[in-house]
Amino acid sequence: MYNSGKIIIGIIIFLVLATFPFWFNRGVAQAPPKLEVGTQEKQCVESTPFMKANHMKLLVDWRDYVVRDGKREYTSTTGKKFDMSLQNTCMKCHTQKTKFCDRCHDYVEVAPTCWDCHIAPVEPGQAQQAKALRSSN
Amino acid sequence: MNAWSSLFASLFAVIGLVIIALLGVAPAVGLGTLFGVVIPYVAIAVFVIGIVVRILQWAKAPVPFRIPTTCGQAKSLPWIKADNLESPYNIWGVIGRMFLEVVLFRSLFRNTRAEVADGAVVRYASAKWLWLGGILFHYSLLTIVVRHIRFFVEPIPSFVALLSSADGFFEILVPTIFLTDIAFVLAASYLFFRRVFIPHMRYISLANDYFPLFLILGIGITGILMRNVWKVDLLAVKELAMGLFSFHPTVPPGIGSIFFVHLFLVSVLLAYFPFSKLLHAPGVFLSPTRNMANNNRMVRHINPWNYPVKVHTYEEYENDFREKMKEAGIPVEKE
Numbered sequence: 001m002y003n004s005g006k007i008i009i010g011i012i013i014f015l016v017l018a019t020f021p022f023w024f025n026r027g028v029a030q031a032p033p034k035l036e037v038g039t040q041e042k043q044c045v046e047s048t049p050f051m052k053a054n055h056m057k058l059l060v061d062w063r064d065y066v067v068r069d070g071k072r073e074y075t076s077t078t079g080k081k082f083d084m085s086l087q088n089t090c091m092k093c094h095t096q097k098t099k100f101c102d103r104c105h106d107y108v109e110v111a112p113t114c115w116d117c118h119i120a121p122v123e124p125g126q127a128q129q130a131k132a133l134r135s136s137n
Numbered sequence: 001m002n003a004w005s006s007l008f009a010s011l012f013a014v015i016g017l018v019i020i021a022l023l024g025v026a027p028a029v030g031l032g033t034l035f036g037v038v039i040p041y042v043a044i045a046v047f048v049i050g051i052v053v054r055i056l057q058w059a060k061a062p063v064p065f066r067i068p069t070t071c072g073q074a075k076s077l078p079w080i081k082a083d084n085l086e087s088p089y090n091i092w093g094v095i096g097r098m099f100l101e102v103v104l105f106r107s108l109f110r111n112t113r114a115e116v117a118d119g120a121v122v123r124y125a126s127a128k129w130l131w132l133g134g135i136l137f138h139y140s141l142l143t144i145v146v147r148h149i150r151f152f153v154e155p156i157p158s159f160v161a162l163l164s165s166a167d168g169f170f171e172i173l174v175p176t177i178f179l180t181d182i183a184f185v186l187a188a189s190y191l192f193f194r195r196v197f198i199p200h201m202r203y204i205s206l207a208n209d210y211f212p213l214f215l216i217l218g219i220g221i222t223g224i225l226m227r228n229v230w231k232v233d234l235l236a237v238k239e240l241a242m243g244l245f246s247f248h249p250t251v252p253p254g255i256g257s258i259f260f261v262h263l264f265l266v267s268v269l270l271a272y273f274p275f276s277k278l279l280h281a282p283g284v285f286l287s288p289t290r291n292m293a294n295n296n297r298m299v300r301h302i303n304p305w306n307y308p309v310k311v312h313t314y315e316e317y318e319n320d321f322r323e324k325m326k327e328a329g330i331p332v333e334k335e
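From first to last, the protein sequence lines are chains A and B.
Each step along the first sequence adds one to the number in this note's numbering, with nothing skipped, and position 86 is 86.
Each step along the second sequence adds one to the number in this note's numbering, with nothing skipped, and position 160 is 160.
So here's chain A without its partners, still in its complex pose:
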C-alpha cells in the first residue's frame, strides 16, 4: 500500500462520518414520547389518523378562514360544529403544550410557527417561573 498514512486517515474520517448515527446513539434507542392528551373527549375535531397526518394543514386552513375570511365556524366531517380557534378550541382539551405538542415536535425536530403569533399558555410548572421573572423585572 502506498501513502498508507494518508489513506488510513482518509478511511478513518470516512468511517467516523458514515457511522455517525451509530456512535452518537451509543446503542440506546430512545423510545418515542408518550403524549398526554389531557381530555376525556373521545374524538378530536376529526378522527385521530386524520389529525395525526393533517393537523398542521387543518390549523393553517383555520388560520386562513379566520384571519382572511372572518369565518369562525368549522363543521367537521361528523357534522359537529367547532369554533375555529387554537387557543379556545384546541387548547381547551390539549391544555399542556409541553406535554402534548412539544413532545412529538421535539422528537422529530419540527418547529411549528403557531407561537410566533399566539402566546404560549402558561402551564402549572411554568407559572411560578413566570411570576418570579415578572417580580424580578
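Hints were generated in silico from the structure; no laboratory data involved.
The beta-carbon is built from N, C-alpha and C at its ideal position, and this holds for glycine as well.
It is possible that part of the hints are untrue.
[To be verified] Below, a list of computed lysine-lysine pairs in the DSBU-like style, where the Cα atoms sit at most 30 Å apart:
id : chain 1 : residue 1 : chain 2 : residue 2
1  : A       : K81       : A       : K42
2  : B       : K231      : A       : K42
3  : B       : K231      : A       : K57
4  : B       : K231      : A       : K97
5  : A       : K57       : A       : K34
6  : A       : K52       : A       : K81
7  : A       : K80       : A       : K52
8  : B       : K277      : B       : K60
9  : A       : K52       : B       : K231
10 : B       : K60       : A       : K6
11 : B       : K231      : A       : K71
12 : A       : K99       : B       : K231
13 : A       : K80       : A       : K34
14 : A       : K81       : B       : K231
15 : B       : K277      : A       : K6
[Stated by the list, open to error] Short derived list, chain A residues pointing at chain B, Cβ under 8 Å:
id : residue
16 : M1
17 : N3
18 : L15
19 : A18
20 : P21
21 : F22
22 : A29
23 : Q30
24 : P32
25 : K52
26 : M56
27 : V60
28 : E109
29 : A111
30 : T113
Fit chain B to the supplied structure of chain A, relying on the hints for placement.
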C-alpha cells in the same frame, strides 16, 4: 445496449424495485422485517465495507509517474510567475487545488463546448450548465442527508435544526417545502434530460449512467411524497430508524408503505454505491492527475516498483577480459 434500451432498462429496473418493496410490505406478504431491518443493515454493511475495500485496492496500485494535469505556469525561474493553483509546486498548492475541486467543482466550471460555426470555424464557448446542475445536485443531496439526522439520533444536534430552518426559510405550504428538495429534483432531472436531449450525450450514456439517476430521482420523489402527500407516522419512522442505529431493531406497526419504498431505494443505492460510478466521491481524492504536485524538476521521484538491477560495469568487464583485449590490440583504461 443502445441509448434508448439502456434508458428504459434502467427505468424499468427502478420501477421494479418500487413494486418489489410495495409487494413485500403489503399486509398479505408482511415482509416488514426484511425491508425495514435486514435489507438496510446489509446495505449499510456493503456500503461501508465496500468503500473501504475499494480505497485499499486503489492504494495498492503504484503511481510510478508524476501525472498532474496542469493548466497554468509551472514553477521555473524566479522571475517567471508560477501559478500554484493551476500547476501546484508544493503541498499547499495541491491542497488548495483539491479543496476547490472537491468543494466548488472547479474543473467542471471551466467546462467548454466546441461547435463548428459557418461550416469551417471551430468555436469554443463556456458551458456552465453542467457545473450548475452538478453543484446544485450535490449540495442539495448533502443538505438533505444532514437534515435526515433528525430521524437518526436523539438528542438532535442543534446544527440540524438550524439547517432545516434555513432550508425551509420561506415557509411555503405546510409542512414547509424545503428548498433543497426542489433543487434536488430539478438538478437531478436536468442531469437526466441532458443525457436524453443532447445527441452526443445520449450516444455515450449507458445503463449505469441512467440507473443511479432514476434511483436517486425515485428516492427524492418518494421522500417528497411522504412529507407532503401521503403522510407517514414520523414517531414510528424515527423509532424504526433509531432501532436500526442502536442495534435494537424494531418495525413498529402502522408505517405507510411509501416509507418502505423510500427505504428500499436508499438501501439499493447504498449497496450499489461501491460497485458503480458513484465511487467518484472517494475517487476524487485519489485522482493522480489532481492530487500530485507538478514538481518533476525539483524532486527526484523513484519508481515505486524499482527493484535492484544486477549491473556489470565497464570496469568489471575490463577486469574480466584485459589480457584478451591487450592481445587483440584493443586499448584498455588500466594496464
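**Asked** Going straight from one Cα to the other, do K231/B and K42/A come out at no more than 30 Å?
**Response** 23 Å, holds
**Item:** Restraint check for K80/A with K34/A, where alpha carbons must lie at most 30 Å apart
**Value:** Given that 30 Å is the threshold and the Cα spacing comes to 28 Å, the pair holds.
**Request:** Verify the proposed pairing of K231/B with K71/A, using a straight-line Cα cut of 30 Å.
**Result:** Holds, at roughly 28 Å.
**Message:** Check whether the Cα positions of K52/A and K81/A lie no farther apart than 30 Å.
**Reply:** Roughly 20 Å separates the two Cα atoms, so the pair holds.
**Asked** When the nearest CB of chain B is found for M1/A, is that gap smaller than 8 Å?
**Response** Constraint on M1/A satisfied, holds at 5 Å.
**Message:** Does K6/A sit within 30 Å of K60/B, going by the straight-line distance between their CA atoms?
**Reply:** 13 Å, holds
**Request:** So, A111/A near chain B? Judge it on the closest CB pair being under 8 Å.
**Result:** It holds, given that the least Cβ distance between A111/A and chain B is near 6 Å, below 8 Å.
**Item:** Given hint L15/A near chain B, where the shortest CB pair must fall under 8 Å
**Value:** At about 7 Å, which falls below the 8 Å cut-off, the nearest Cβ of chain B leaves the hint on L15/A intact, so it holds.
**Item:** Cut-off 8 Å, beta-carbon criterion: hint that M56/A touches chain B
**Value:** Holds, about 5 Å.
**Item:** Restraint check for K231/B with K57/A, where alpha carbons must lie at most 30 Å apart
**Value:** 12 Å, holds
**Asked** Taking only the CA atoms, is the gap from K277/B to K60/B under or equal to 30 Å?
**Response** 20 Å, holds
**Request:** With a cut-off of 8 Å on the beta carbons, see whether P32/A makes it to chain B.
**Result:** 4 Å, holds
The structure fails none of the hints (numbered hints given earlier).
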